[in-house]
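If you follow the hints, you should be able to join the two separate chains into one complex; please do so.
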Amino acid sequence: MKKLIFALGIIFVTASVQQSFAQCNTEKHVEACIPKLQSGFTFLKSYNIDGQGGAKDKVEYSYVFTKGATYQVMICNEGSGTDGIVLTLYDSNRNKVASTKYEGSTLSSIAFPCQVTGIYYITFTFEGSSNYCGGSVLGFKR
Amino acid sequence: MKNILLGLLAILTVLSSCDSKKKPSADEISGVLDSVKIEEPSISEDVISDIIQQIPSPLEISTLLKESETKYDKEYLNDPEKISDYNSNYKKALALGVYGTDLGYTNIYEQNQDALFYLNSIKSLADDLSIGQFFDIGTIKRLATNSKNLDSLLLITTKNFNNINNYLQEQKRSNLSILLLSGGWLEALYIVSRVSEKNPDNEELKETIAEQKVIMDNVVLLMSFYKDNDPNIKQLSDRFTKLQEEFNKIEIKTVYREPTYEVVDGMLVVKDNSTSEIIMKDENIESIRNQVYEIRKNIIN
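Note that the protein sequences, when read in sequence, are chains G and W.
Numbered according to the working numbering, the first sequence spans residues 2 to 143.
Numbered according to the working numbering, the second sequence spans residues 3 to 303.
If we strip away everything but chain W, and leave its shape as in the complex, we get (with noise of 0.2 Å):
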C-alpha cells in the first residue's frame, strides 16, 4: 500500500509540475528584475489587468499618421543601437516599450530593412528580461525581409506585444507590463507631438494629443499602485503627474445620443449619434508637448 501511495503522491507531483508551454517561472523573473523588484501593490492584480487592457494600441496613432499622408522621418524614432545604455531592468522595459512603437510606425509605412533593425534590439531586450521567448527571431526576420509579408509581420508582432503583457501580468509582473506600455504609450505621443509640431494648422493631430487625456488619467493611476514602493516607478510617476496636470487643462465635452443600426453582410454596423468637442488652447498642446519631449528624453537617454 506504501508503495501505491507513494506512487500516487510521485504522479501528482509530476503533473502539478508540467506545464506545455516552457516559459520561466515567476522566480526567473524576478532574479533578473534588479530594479523593478518591488513588494506587491495594495490592489489586486486582476483590476491591474483590467486598466492595463484599456490602454490602446500606439499603432492607432501610427495609423493615423499614414492616413493624414504624414511622410515616414526617421528622425522621430529611437536610435536601435543604442540598447546598450540601457543598463537597469527598469530602463530595458521602458525601452521595449519605446522600441515596440518605432516598430510599429516602421510596420504601418512599410519600412520593413529599418523594422529589422528594431526587432534586433527588441529582441536583445526581451532575452534580458526573460521573455525573449516571445520572439521567433527567424521567422519575424523572413517576413521583414518581404514587403509582401507586412500583414503577417504587423500581426505577428502585435500578438506578441499583447502576449508579452498578458504574460507578465499572469506572472504577478504588472509593473513591468506597465513600464513597457507608458513607455510604448509614450513614444506615439512623442511621434505625434513632433508631427504636430511640423503641421502646426493640422486641427486632427492637435486634437489626437490632447485625447491621449482619458489614456494620460489610466497610465498614472497604474503607476500610483507601485510609486510607493518603487523609487524609479516614483520618480517616473512624478513627470507624468506634471504631465497629466497641463492634460487637465483640456475639457472634453460629450453629448451623447442613441445609436442607430444596420445588418450587413451578418454584421451589426452601428452609426455612433454622440459627438464630442474638445476645449483647447494651443498653449496648452505646447506645453503637453514640450513636458513630453523632456519625460521621453529621460527614457531614452
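Isolated chain G (complex conformation) (with noise of 0.2 Å):
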C-alpha cells in the first residue's frame, strides 16, 4: 500500500513540475505583441518563447525572407522590458544579421529590409530572465 501510495505522489509531483512549465502563457503575450507591429506592417506570424522555466536555453525559429520586403520581428512579454529576451537574427549561412542586444541596451524589436531572398533563423535567448516566457510577432511591408 505504501508503495502505491509514494507511487500516486510521484504522479502527482510530475504533474506539478509539468504544471509550472506550462504557466508560460505564451499566446497572451503574443497576443499583446501584434497590435505594437509598426503601422504599415501586415502580420505573417506568431512565436512562443517558452524557456520552459530555464530548461531551455534558446527558442529558435526560422522562416525565408524575400528580397525587396521589410519585416519586423518583435518581442512581447510581461512589463515593458524584454526580461532578458534576447532576439537575433542569421542568415542562410548563419552569419549574423542583427541583436537586439545593441550598444549595451536590449531592445524589442528589428526591422529588416531584406536584400537577399533564403531562410533566415530567427533566434531567441534569455540573459538573466526572471520569467522565460514571451511572444514573438514577425509581420512584413513591400
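Derived from the structure by calculation, the hints contain no laboratory data.
Certain hints may be false.
For lysine to aspartate or glutamate, the following EDC-like pairs were computed, each having C-alpha atoms within a straight-line distance of at most 16 Å [unchecked claim]:
hint	chain 1	residue 1	chain 2	residue 2
1	W	283	W	260
2	G	97	W	253
3	G	142	W	153
4	W	161	G	32
5	W	174	W	48
6	W	215	W	253
7	W	200	W	77
8	G	142	W	260
9	W	251	W	285
10	W	251	W	284
11	W	84	W	116
12	G	37	W	153
13	G	59	W	52
14	W	161	G	28
15	G	97	W	260
Only some residues are given here: those of chain W computed to face chain G with a beta carbon under 7 Å [as the list claims (entries may be wrong)]:
hint	residue
16	58
17	69
18	219
19	222
20	270
From the three backbone atoms N, C-alpha and C, an ideal C-beta is built for every residue, glycine too.
Here it is as C-alpha cells:
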C-alpha cells in the first residue's frame, strides 16, 4: 500500500512540475504583440518563446524572407522590458544579421529590409531572464 | 484507505482528460483522413514542423502584386463553388490551401464580397477535415461586410491559418499541413505566373517566380518524408520534383556583406548590405509557368 501511495505521490509531483512549465502563457504575449507592430506592417507569423523556466537556453524558428520586403520582428512579454530575452537574426549561412542586444541596451524590435531571399533563423536567448517566457510576432511590408 | 486511493485515481483521470480548448482528438481527426491517413514519417515531427514554419505566407506575393499596381482579377482564382469536386481528404486539404491563398488575394485587394464566397468554401472544407472550429464564421462575415474592417479580417484569417497549421502539427498530422501549405504556395505561384505572363517586361515578377526556388526545395523535401507511404503524396511529389528540375536551371548568386544599423524609435533598423543576383533565361520562367499551370489544373479539377 505504501508503494502505491508513493507512486501516486510521484505522479502528483510530476503533474505539478509540468503545470509550472505550462504557466508560460505565450499566447497572451503574442496577442499583446500583434497590435504593437508598426503601422504599415502586415502580421505574418507568431512565435512562442517558452524557456520552460530556464530549462531551455534557446528557442529558434526559421522563415524564408524575400528580397524587397521589410520585416519587423518584435518581442513581447510581461511588463515593458524584454526580461532578458534577446532576439538574434541569422542568414542562411548562419551569419549574424542583427541582435536586439545593441550598444549596451536590449531592444524589443528589429526592422530588416531584406536584400537576399533565403532562409533566416530567428533565435531567442535568455540573459538574466526571470520568467523565460514571452511571445514574438513577425510582420512585413513592401 | 481504498476509498481515498480510488478518489485520487478518479481525480487524476479527470485532470488528465481535461482540456480547456474543446478540439477534436487525434483519433477523431484520423477518422476522417481516408486518403491522407498514412504511416509515421521516418523523420521526427519536430524537424517537419521546423521546415513547415519556414514556408512564407502567400500574402507576400499578393501584396507584391498589389504594390506593383497589378489590377485585381477574379479570373486568376479558383471557383469557390467547386468544393463538391473535392471528394477525398487529400483533395480537400490541397483545395483548402488554394482557397486560403485566394482569400488572402481578395483581402489584399479589399474585395470583401468575393472574400465571403471563399470564406464559405473554406469553412465547409475545414469542417469536413474537422478543423472548422478555427473559423468563427459569424464574426468573420461581419468583418467582411464592412470594408473598413479589412485589417481585422486579414489578421483573423491569417491567424486562423497559422493556428490550423500549428494544430495539425501538434496532432501529429503534418501531412495535412504540408498539403495545405503546398496548395497555398502553388496557388500564389500560379497567380504571379499568370500576372507575369500578361506583363512580360516586368522583371520583378520574373524574379519573384525565380526566387520561389528556395521554397520549392522545402516543399519537395517535406513531401519526401511522406511519399513512400502515401500514393497521393507520391504522385504530387513527382510533379513537384519535375517542377524543381526547372527551378534548378536558375542560379541565385549571393554576396554577403556586414550589415549596418541605426536605432529609430527604440527599434533596431538594419541596413542589409548583402546582394543577390538571379541568373535565369526567359525560357526557364516560361517552362516553370507551364508546369505550374499543369500541376494547378490537376489540383483543382
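Results for each hint:
Distance hint between residue 283 (chain W) and residue 260 (chain W) is unfulfilled; the C-alpha atoms sit about 30 Å from each other, more than 16 Å. Pair hint residue 97 (chain G) plus residue 253 (chain W) does not hold up; C-alpha atoms about 24 Å apart against a cutoff of 16 Å. Proximity of residue 142 (chain G) to residue 153 (chain W) is assessed by CA-CA distance (about 13 Å); at most 16 Å being required, the pair is judged to hold. Under the criterion of a C-alpha separation no larger than 16 Å, the hint pairing residue 161 (chain W) with residue 32 (chain G) is consistent with the structure, at around 10 Å.
Our distance criterion of 16 Å between C-alpha atoms is met by residue 174 (chain W) and residue 48 (chain W), whose separation comes to about 10 Å. In summary, the hint linking residue 215 (chain W) to residue 253 (chain W) is supported, as the alpha carbons are separated by about 9 Å, within the 16 Å threshold. Using a Cα cut-off of 16 Å, the hinted pair residue 200 (chain W) and residue 77 (chain W) holds, with the two alpha carbons roughly 13 Å apart. Note on residue 142 (chain G) and residue 260 (chain W): the hinted pairing is violated, with a Cα-Cα distance of about 23 Å set against a maximum of 16 Å.
Using a Cα cut-off of 16 Å, the hinted pair residue 251 (chain W) and residue 285 (chain W) holds, with the two alpha carbons roughly 10 Å apart. A distance of roughly 11 Å separates the Cα atoms of residue 251 (chain W) and residue 284 (chain W); the hinted pair therefore holds under the 16 Å criterion. Using a Cα cut-off of 16 Å, the hinted pair residue 84 (chain W) and residue 116 (chain W) holds, with the two alpha carbons roughly 15 Å apart. Annotation: proposed proximity of residue 37 (chain G) to residue 153 (chain W) holds, straight-line Cα distance about 14 Å (limit 16 Å).
Taking the CA atoms of residue 59 (chain G) and residue 52 (chain W), the gap is near 15 Å; set against the 16 Å cutoff, the hint holds. As the CA atoms of residue 161 (chain W) and residue 28 (chain G) are separated by approximately 12 Å, the hinted pair is consistent with the 16 Å bound. Restraint check: the Cα-Cα separation between residue 97 (chain G) and residue 260 (chain W) comes to about 9 Å, which is no more than 16 Å; the hinted pair holds. Of the supplied interface hints, the one on residue 58 (chain W) holds, with its beta-carbon coming within about 5 Å of a beta-carbon of chain G, less than 7 Å.
The interface hint given for residue 69 (chain W) holds, since its Cβ lies 4 Å from the closest Cβ of chain G, which is under the 7 Å cut-off. Violation of the interface hint for residue 219 (chain W) is found here, the shortest Cβ-Cβ separation to chain G being roughly 10 Å, above the 7 Å cut-off. Proximity of residue 222 (chain W) to chain G is violated relative to the hint, the smallest CB-CB distance being about 14 Å (cut-off 7 Å). Among the interface hints, the one on residue 270 (chain W) holds; its C-beta lies about 5 Å from the nearest C-beta in chain G, closer than the 7 Å criterion.
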